[in-house]
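Visitor: Line order of the protein sequences matches chains P and E.
Sequential numbering of the first sequence, starting at 1, is according to the working numbering.
Sequential numbering of the second sequence, starting at 1, is according to the working numbering.
Derived from the structure by calculation, the hints contain no laboratory data.
Even glycine gets a Cβ: it sits at the ideal position worked out from N, Cα and C.
Incorrect hints may appear among the rest.
Chain P residues, not near chain E, derived (Cβ > 12 Å throughout) [to be verified]: (1) Arg7; (2) Leu40; (3) Leu85; (4) Glu290; (5) His386; (6) Phe501; (7) Glu618.
BS3-like cross-link-like pairs, simulated, lysine-lysine; straight-line CA separation at most 27 Å [what the hints assert, rightly or not]: (8) E:Lys256 / P:Lys498; (9) P:Lys498 / E:Lys56; (10) E:Lys95 / P:Lys498; (11) P:Lys685 / E:Lys151; (12) P:Lys179 / P:Lys51; (13) E:Lys9 / P:Lys653; (14) E:Lys265 / P:Lys685; (15) P:Lys498 / E:Lys9; (16) P:Lys82 / P:Lys593; (17) E:Lys9 / P:Lys468; (18) P:Lys564 / E:Lys56; (19) P:Lys593 / E:Lys9; (20) E:Lys256 / P:Lys685.
Quick list of the computed label-pair ranges, beta carbon to beta carbon [to be verified]: (21) E:Gly285 / P:Glu678: 28 to 38 Å; (22) P:Ala56 / E:Val290: 50 to 60 Å; (23) P:Asp681 / E:Glu161: 47 to 57 Å; (24) P:Asp487 / E:Gly115: 45 to 55 Å.
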Amino acid sequence: MTDRINRLRKYFITDKAHREFRFLPRNEFELAQEFSRLGLSDVRRAAERLKAMLAAEEPLILPLERIVFTRRNPTVFSIFTKQELAHLQKTCRIHEHGEVCNINVDYTRLLSCGLLAKKNELLARRAAFIKGGEAEKAEYLTLETEILDSVQALSDRYRNKAAAEGRTDIAATLARVPKYAPRTFPEALQMFRILHFTMWLGGNYHNTVGRLDQYLYPYYQRDIAAGRLTKETTLEWLEEFFITFNRDSDLYPGMQQGDNGQSVMLGGLNPDGTSSYNELSELCLNASLELSLIDPKINLRVSKKTPLEVYILGTRLTKQGLGFPQYANDDVVIPALLAYGYDEKDAYQYVVAACWEFIIPGAGMDVPNIDAVSLALAAQRAVTDHLEDAEDFPALMEAVRRNIAEQSLACVEKTKKLYLFPAPFLSLMMEGCMETGRDVSLGCRYNNYGFHGTGIATATDSLAAVRKYVYGDRSVGKRELLSALADNYAGHEDLLAKLRFDAPKMGNNDPEADDIAVALLDAFADSLEGRHNDRGGIFRAGTGTAMYYLWHSAVLPATADGRKSGEVIAANYSPSIFTRTRGPVSILQSFSKPHLQRVCNGGPLTLELHDTLFRSEEAIGKVALLVKSFIDMGGHQLQLNAINRDTLYAAQKRPQEYRNLIVRVWGWSGYFVELDKEYQDHIIKRMELSL
Amino acid sequence: MNGMLFDIKEGAIHDGPGLRQTVFLKGCAMRCAWCHNPEGLSRMPELMVSPNGCAKCGRCRDVCPMGADMIGFGKPPGCVACGKCVSACPQRIRKIAGEEISPEALAARLNENAGYYAGTGGGVTFSGGEPLLQAAFVLETLPLLNPSTHKALETSGYGDEEDFLRLMQAFDLIMFDLKSMDDVTHIRYTGVSNRTILGNARRLCGGDTPFVIRIPVIPGVNDNDGHYRAVAELIKDAPKLLRVEFLPYHQTAGAKYGMLQLPYKPGFDQNRSIYVNQEIFTRMGIRSYVL
Chain P
1 MTDRINRLRK
11 YFITDKAHRE
21 FRFLPRNEFE
31 LAQEFSRLGL
41 SDVRRAAERL
51 KAMLAAEEPL
61 ILPLERIVFT
71 RRNPTVFSIF
81 TKQELAHLQK
91 TCRIHEHGEV
101 CNINVDYTRL
111 LSCGLLAKKN
121 ELLARRAAFI
131 KGGEAEKAEY
141 LTLETEILDS
151 VQALSDRYRN
161 KAAAEGRTDI
171 AATLARVPKY
181 APRTFPEALQ
191 MFRILHFTMW
201 LGGNYHNTVG
211 RLDQYLYPYY
221 QRDIAAGRLT
231 KETTLEWLEE
241 FFITFNRDSD
251 LYPGMQQGDN
261 GQSVMLGGLN
271 PDGTSSYNEL
281 SELCLNASLE
291 LSLIDPKINL
301 RVSKKTPLEV
311 YILGTRLTKQ
321 GLGFPQYAND
331 DVVIPALLAY
341 GYDEKDAYQY
351 VVAACWEFII
361 PGAGMDVPNI
371 DAVSLALAAQ
381 RAVTDHLEDA
391 EDFPALMEAV
401 RRNIAEQSLA
411 CVEKTKKLYL
421 FPAPFLSLMM
431 EGCMETGRDV
441 SLGCRYNNYG
451 FHGTGIATAT
461 DSLAAVRKYV
471 YGDRSVGKRE
481 LLSALADNYA
491 GHEDLLAKLR
501 FDAPKMGNND
511 PEADDIAVAL
521 LDAFADSLEG
531 RHNDRGGIFR
541 AGTGTAMYYL
551 WHSAVLPATA
561 DGRKSGEVIA
571 ANYSPSIFTR
581 TRGPVSILQS
591 FSKPHLQRVC
601 NGGPLTLELH
611 DTLFRSEEAI
621 GKVALLVKSF
631 IDMGGHQLQL
641 NAINRDTLYA
651 AQKRPQEYRN
661 LIVRVWGWSG
671 YFVELDKEYQ
681 DHIIKRMELS
691 L
Chain E
1 MNGMLFDIKE
11 GAIHDGPGLR
21 QTVFLKGCAM
31 RCAWCHNPEG
41 LSRMPELMVS
51 PNGCAKCGRC
61 RDVCPMGADM
71 IGFGKPPGCV
81 ACGKCVSACP
91 QRIRKIAGEE
101 ISPEALAARL
111 NENAGYYAGT
121 GGGVTFSGGE
131 PLLQAAFVLE
141 TLPLLNPSTH
151 KALETSGYGD
161 EEDFLRLMQA
171 FDLIMFDLKS
181 MDDVTHIRYT
191 GVSNRTILGN
201 ARRLCGGDTP
211 FVIRIPVIPG
221 VNDNDGHYRA
231 VAELIKDAPK
241 LLRVEFLPYH
251 QTAGAKYGML
261 QLPYKPGFDQ
271 NRSIYVNQEI
281 FTRMGIRSYV
291 L
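Start from the sequences and build out the full structure, keeping to the hints where you can.
Guide: In structure tokens:
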């Protein structure tokens, strides 16, 4: 890391000195009152809000920086009043905060031409709409040109300020971008920063970054060929660029601090079977490695063809304790996306949403986290309601399948009448929006919905215990189990111990458990097969949980795996926290058995590895072998944490000394001391393996 | 002949090339002050009790044939490891360390995942305890392993010369400890003389089996240039020497003693920082690593 980057890192990250330039917070509803009074349409409101946000910004050029744009106004204005929001909640399905989020726009739609050319194109299309008598569409494009004017105006203020302060390099860059297409790698980075900055200003969140190493590669190649850049100077530019993702991230909406969804996807197979992993991919990994910052979040596409060296570089990054890279297996994900109906050229472009859901850049308005099915509850209910009548285990499994199908159907029903707030700026970078004068919030080429599936390990372990002890060796009576569950195991300590500790568990490469997991995930996939949402898309089942695992844990009664009511189920696609695992190899083997192509909405197996495992380069090579083995066995997604439980306990006791301790929470990494205690405790309880 | 083991660890990364399954054999004649596997010392099965999680329910006392009062934590004096309290404990904080197993059964267990480990360039490692003390069992097991299995041995070298030679020929890699070259120090901290060990070390140096020398680096005991120089002198001309590995002392070494109701009094200053000198080896053309 160069001295300049070190000093920038200290300025923005350690000292957070730029925050002193922020304005005071304002009333987030001040615009909405006015919009409501004037009776403005939702699209008009979204555009006016973004224009107001852009106008409220004043240029700030900080020492040493070469990539500018820093947020000053901390308030994102709402486009609806509280009353209007309450009404919307009643009449439509509102997803999370209501704004378009969690998609990956195609930045090249603006990077390739610049704002001026885009504006001219919009004006031409607008004229055609007017001619065709399509006033509403024409109006929509007018709003988009106004937004582009506002972005350009703020850029011009930055440029003037830079010139006035003698920062000629910045002024020169801003003379080019965003008005015209960037010619060089640094210009492309500056333009990206302006676009991304604007997306956040517009209230959109989980603004993913996508295949940075692909769409910026031509600029890099040209600059290298022309001798304008070397690998070293590129690394420095990338590092400054990565720091920009952390400047204003405390202002971004999310579920917890750090949940920004600024995911990057590196590498991946091309349709002809070649690899797209390039020098820029490697430089991105190295930049993240040197900076050790929680944003952007690095994802790595791998396959059977990926050489061990790539995993070794990834493992070095894991060693930093940021909880990434997260690996996605092209050998599983691409065929899965094809089976879901994505076009071949799109499937090969896949990236991840904020956490892990597989989405398509520039064409997907998928909502891959719209709801979640509790697999654990499906199993629990089957046991309590049907164990007495179920003559054999297959009969009980049939009841579990019915429960999963019922829950899925209920979730499907709840997705109807989805209303997303308009996102005219994002729409400029999504396929077909400008051409049809239609906002992306109304849909794009892909409009699929994804459901998480929580508690796969709890469901599996519960049913495995029932099969073994109730239907198998008959060491546990039906009545005995049911009354233990009803009593939350009070007075049934022996049975509790047997179920919790002695029964077969998913994660021990034990067929007695694992074949049930296979059946459960098949049932989950079956329950959504052939169903369509009211936007014409399909439903995808997945192995992620997001925060649903906590919500579902809270309402899950005692389960037949010896889990008492209130005890937490595992996050994502992971063994139960009761499992005394034989080791990481067994976990990888167990979790690669299900038909993951059928439940490929996304959701990683999480492995917690003790941080001492990363001490030597040789050990890092071994951990890389472990990761590679999961991919080679057909696992779909993997995320590793280098963790030390003693450190976490110490951080809970003395948070002031551990401000920079970063942990992976679910689909993202955050500062441990900033998490609610509930999440801290769960992270501590997660399994930690030493090899 | 059956063997006695106390653990099979999967995915081990420090016990030879690739990822490995490591078999821990029970029983060792040495008593190294820093031993972190105290359940590997005795040849007999033993009761281990975890210090956390006891609910003081008294089930262990109710089933103990010796009528011992073990509430809270612990095992009775003279415990014969009958195992009755293990399954009685609702918290499952008790276990028996020590499983008697036949060569066929052990090989079957290891062969289950032989393909996986071979795919990583790894295999099986026999460790302990001291595998030399169960040489017959090990020698019967090895031919039953999947032919793709890379076989490594971790040994203190403290055992019969004939056994050592047979094992040396049967393994693909030997990892051999040299704890102290000074016999007085050796006796003081390991309870035995190093004469047998050095004899076997010389056999190793003159043999055809690739080997690694491991030095557990114990603060104030053997972390000095004298020891390192003597080790280097001993092994410098060995054609099959791959490298030297330093294993720095861990403060967590004593973690399992409480579970066996054994005292951990290592007799050296655990908090002292350790001294490693790779230069001595480098100068003699020997590669060395700190693990």
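Visitor: Is the Cβ of Leu40 of chain P farther than 12 Å from every Cβ of chain E?
Guide: Non-interface label stands for Leu40 of chain P: nearest chain E Cβ at 61 Å, farther than 12 Å.
Visitor: Between the alpha carbons of Lys256 of chain E and Lys685 of chain P, is the straight-line distance 27 Å or under?
Guide: Between Lys256 of chain E and Lys685 of chain P the Cα gap is close to 21 Å, so the pair holds against 27 Å.
Visitor: So does Asp681 of chain P sit 47 to 57 Å from Glu161 of chain E, Cβ to Cβ?
Guide: With a Cβ separation near 56 Å, Asp681 of chain P and Glu161 of chain E satisfy 47 to 57 Å, so the hint holds.
Visitor: Does the Cβ-Cβ separation between Gly285 of chain E and Glu678 of chain P fall within 28 to 38 Å?
Guide: 57 Å, violated
Visitor: Holds or violated: Lys95 of chain E and Lys498 of chain P, Cα atoms, limit 27 Å.
Guide: Given pair Lys95 of chain E, Lys498 of chain P holds - Cα atoms ~14 Å apart, limit 27 Å.
Visitor: Say whether it holds or is violated: His386 of chain P keeps its Cβ farther than 12 Å from all Cβ of chain E.
Guide: 28 Å, holds
Visitor: Compare the distance between the alpha carbons of Lys9 of chain E and Lys468 of chain P with 27 Å, and conclude whether the hinted pair is satisfied.
Guide: 26 Å, holds
Visitor: Between Lys564 of chain P and Lys56 of chain E, does the CA-CA distance stay at or below 27 Å?
Guide: 20 Å, holds
Visitor: Has the given pair, Lys9 of chain E with Lys653 of chain P, been kept, meaning a C-alpha gap of at most 27 Å?
Guide: Roughly 33 Å between the alpha carbons, so the hint for Lys9 of chain E and Lys653 of chain P is violated.
Visitor: Hinted pair, alpha-carbon criterion (27 Å max): Lys179 of chain P, Lys51 of chain P. Please report holds or violated.
Guide: 17 Å, holds
Visitor: Please confirm whether Leu85 of chain P is truly not at the interface, meaning its C-beta sits more than 12 Å away from all C-beta atoms of chain E.
Guide: 48 Å, holds
Visitor: When you take the CB atoms of Ala56 of chain P and Val290 of chain E, is the distance between them in 50 to 60 Å?
Guide: 56 Å, holds
When the structure is compared with the earlier hints, violations turn up for hints 6, 7, 11, 13, 14, 16, 21 and for no others.
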